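Undergrad: The whole structure should be built from the sequences, with the hints applied where relevant.
Just so we're aligned, residue 1 is where the first sequence starts under the numbering used here, counting upward by one.
Rather than coming from a laboratory, the hints here were simulated on the basis of the structure.
Check before you lean on any hint, since a few could be wrong.
As the list claims (entries may be wrong) - Calculated lysine to any residue pairs in the SDA-like style (CA-CA distance at most 25 Å, straight line):
id, residue 1, residue 2
1, Lys488, Arg279
2, Lys346, Lys392
3, Lys125, Phe106
4, Lys358, Phe473
5, Lys125, Ile138
6, Lys278, Tyr259
7, Lys325, Lys461
8, Lys95, Thr320
9, Lys81, Val290
10, Lys278, Val80
11, Lys488, Arg305
12, Lys408, Arg533
13, Lys124, Val198
14, Lys127, Glu243
15, Lys439, Val357
16, Lys278, Asp250
17, Lys125, Lys288
18, Lys510, Lys461
19, Lys69, Ile31
20, Lys95, Val357
21, Lys150, Ala188
22, Lys325, Pro518
23, Lys127, Cys215
24, Lys168, Asn78
25, Lys562, Arg480
26, Lys348, Met383
27, Lys150, Lys213
28, Lys65, Gly30
29, Lys557, Ala267
30, Lys392, Glu243
31, Lys557, Lys392
32, Lys348, Ser559
33, Lys385, Asp294
34, Lys184, Phe242
35, Lys461, Arg411
36, Lys288, Lys427
37, Lys427, Ser382
None of the values given here were measured: they were computed from a predicted structure.
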Amino acid sequence: MTEINKPGEDKESKSLNFIEEIIEEDLRSGINDGRVHTRFPPEPNGYLHIGHAKSICLNFGLGRKYNGKTNLRFDDTNPVKEDVEYVDSIMEDVKWLGFDWEDRLFYASDYFDQLYEYACILIKKGKAYVCDMTAEEISETRGTPTRPGKESPYRTRSVEENLSLFEKMRQGEFEDGTKVLRAKIDMASPNMHMRDPVLYRILHASHHRTGDKWCIYPMYDFAHGQSDSIERITHSICTLEFEVHRPLYDWFIREIGIYAPRQIEFARLNMTFTVMSKRKLLELVNNKYVNGWDDPRMPTICGLRRRGYTPESIRNFAETIGVAKRDNFIDVSLLEFCLREDLNKKAKRMMAVLDPVKVIIDNYPDGQVEEMEAINNPEDPSMGKRMVPFTKTFFIERDDFMDNPPSKFFRLAPGREVRLRSAYIIKCNSVDKDPATGKITLIHCSYDPATKSGMPDSNRKVKGTLHWVSEQFAITAEVRLYDRLFLKENPDETPEGKTYLDFLNPDSLKIIKAFIEPEVLKASIDDKFQFERIGYFSVDPDSKPGNLVFNRAVALKDSWNKSEKVRENLT
RNA sequence: UGACCCAUGGUGUAAUGGCAGCACAAGAGAUUUUGGUUCUCUUGGUCUAGGUUCGAAUCCUGGUGGGUCAACCA
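TA: Encoded structure:
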């Protein structure tokens with residue numbers, strides 16, 4: 001029995017996922033001299049989303065767990081789709097999630113010279129050739145998964161001719177699309193990716209990093225595996241759809257004769273009530289179904305951040321969902337749970353009324369103001385207390401009063417008593433209604449001075465506790481209430497004649513004016529609060545002095561509202 | 001009708017030939033100056049048919065179901 005702690009063996013000795021098993025197996029067998037080196041390799045052609053967060057947490061998490069390293073590498077092999085805007089946002093998102101690539105920021109474009117050399121090696125070995133067929137011809141002669149393809153007539157060109165043509169391609173002697181470099185493998189392979197795949201294409205386009213130095217660019221397949229090899233990545237972790245590419249990567253590595261990383265594929269994240277494909281996300285933005293990539297309804301990292309998600313909650317989510325090879329469809333309520341769990345411990349409590357109805361305490365002295373002491377966070381006494389002004393008139397939620405309540409209703413109703421949070425017990429005596437609409441305009445109550453919060457007689461039990469905001473001291477703020485972006489659990493699953501857009505939730509955003517206790521004036525952008533009994537809210541960057549804007553990140557669990565809904569459905 | 005991958009409660013994920021466990025969701029109760037939190041409990045699962053074995057979620061074979069692959073995208 002050895003006492004040495006193997007890397008990754010935490011004190012709690014949690015079970016390993018299949019990737020950790022492979023890594024520990026490699027560590028035991030001494031491959032890579034005990035090195036663990038991973039990478040996160042996005043293409044800078046869009047914003048990162050929660051699915052990328054899973055991959056980021058996985059790769060950086062593994063690096064951290066096994067005392068290894070993790071690179072950030074931009075796979076920027078297609079200049080026409082890429083932009084520095086995306087490079088910047090991706091770096092910001094990775095950092096925000098709490099990960100650090102230190103001095104290991106790389107680009108596939110860093111390796112363009114090396115990759116060109118690799119291509120020449122293949123040509124010299126007779127393993128690659130310049131092909132003059134058009135894209136259509138190449139496509140037509142590739143065959144189908146069940147039928148073999150046909151060999152290109154240019155497949156038998158001599159090494160010298162290929163070398164010279166490839167050099168001319170590089171020199172810019174040919175138009176876009178007139179020639180490509182192809183690997184010479186097997187046009188009858190059952191694996192489509194082995195049927196003489198394109199290695200280089202001509203693209204007279206400016207690259208966001210290499211400018212006009214190149215007019216030929218390697219395909220992703222010819223760049224990715226070699227880039228991993230150059231960086232001496234030990235475990236190249238990617239999503240399942242690249243499983244069929246692996247034999248090709250292995251072929252390149254073997255034929256070129258360079259270091260071989262081990263590729264491991266895992267199932268990408270799918271989540272309910274949203275879409276995850278870049279194409280669809282882009283469409284939502286471009287067609288203004290949402291207000292940009294960072295719209296709080298988007299599953300993008302910047303959207304979640306603006307919504308009020310914390311890095312901890314997302315990391316915890318990634319940890320909780322685990323990693324495996326089978327397709328998965330994660331309930332968004334798990335993400336929401338992770339946020340609540342985090343913010344419950346951290347968020348300062350405040351009182352805010354979203355849908356107000358006015359209350360007057362008839363037996364309370366006119367003009368009197370009492371400062372009530374309120375606890376900032378019952379989960380964390382170190383967060384201290386604050387004072388909240390109480391006056392004769394204040395607002396409560398319209399939902400917190402019922403004229404003819406059912407027996408299970410614990411809130412305010414004629415003749416009933418409730419506690420006002422951090423203040424008095426009050427009793428409802430009567431209500432004023434608008435004679436035309438029947439809508440309640442004012443609730444008349446009386447208070448019991450002996451029940452002031454903290455006083456000896458204040459401990460009388462009443463069933464309900466309501467939040468409230470003094471009319472005189474209320475601060476008004478814009479509150480943006482978000483709901484699911486889609487009405488359907490899986491918007492990607494579309495019946496005939498419909499698209500995912502047909503399932504957009506028309507009520508995914510409601511903007512209201514709320515009344516909030518004066519403490520809110522101390523809030524600054526990105527601060528997070530629990531509005532008691534309502535939910536968690538984050539200060540939106542749109543906020544201006546004197547005009548605060550809040551996003552509802554997630555509502556509190558609401559077992560009353562839920563049971564109400566169930567009742568309605570039963571009747 | 002090809003190749004490859006996958007199959008454990010509603011959703012995820014463990015169990016590595018030896019008691020099917022955990023989380024979320026759902027339901028019940030206790031506590032509570034948030035119908036929140038916390039705590040306790042409950043419901044519910046190995047796709048199917050064979051085989052190997054003292055013993056199979058696990059290994060083998062067939063079936064079924066799902067996914068991926070036919071951009072000069074990544």
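Undergrad: All hints are to be evaluated individually against the structure, with a verdict given for each.
TA: Hint check:
| no. | hint | result |
| --- | --- | --- |
| 1 | Lys488 with Arg279 | holds, 19 Å |
| 2 | Lys346 with Lys392 | violated, 32 Å |
| 3 | Lys125 with Phe106 | violated, 29 Å |
| 4 | Lys358 with Phe473 | holds, 14 Å |
| 5 | Lys125 with Ile138 | holds, 23 Å |
| 6 | Lys278 with Tyr259 | violated, 32 Å |
| 7 | Lys325 with Lys461 | violated, 53 Å |
| 8 | Lys95 with Thr320 | holds, 21 Å |
| 9 | Lys81 with Val290 | holds, 22 Å |
| 10 | Lys278 with Val80 | holds, 16 Å |
| 11 | Lys488 with Arg305 | holds, 24 Å |
| 12 | Lys408 with Arg533 | holds, 17 Å |
| 13 | Lys124 with Val198 | holds, 17 Å |
| 14 | Lys127 with Glu243 | holds, 23 Å |
| 15 | Lys439 with Val357 | holds, 10 Å |
| 16 | Lys278 with Asp250 | violated, 28 Å |
| 17 | Lys125 with Lys288 | violated, 52 Å |
| 18 | Lys510 with Lys461 | violated, 36 Å |
| 19 | Lys69 with Ile31 | holds, 16 Å |
| 20 | Lys95 with Val357 | violated, 44 Å |
| 21 | Lys150 with Ala188 | holds, 8 Å |
| 22 | Lys325 with Pro518 | violated, 51 Å |
| 23 | Lys127 with Cys215 | holds, 22 Å |
| 24 | Lys168 with Asn78 | holds, 20 Å |
| 25 | Lys562 with Arg480 | holds, 22 Å |
| 26 | Lys348 with Met383 | holds, 8 Å |
| 27 | Lys150 with Lys213 | violated, 35 Å |
| 28 | Lys65 with Gly30 | holds, 17 Å |
| 29 | Lys557 with Ala267 | violated, 30 Å |
| 30 | Lys392 with Glu243 | violated, 69 Å |
| 31 | Lys557 with Lys392 | violated, 31 Å |
| 32 | Lys348 with Ser559 | holds, 22 Å |
| 33 | Lys385 with Asp294 | violated, 34 Å |
| 34 | Lys184 with Phe242 | holds, 21 Å |
| 35 | Lys461 with Arg411 | holds, 13 Å |
| 36 | Lys288 with Lys427 | violated, 49 Å |
| 37 | Lys427 with Ser382 | violated, 34 Å |
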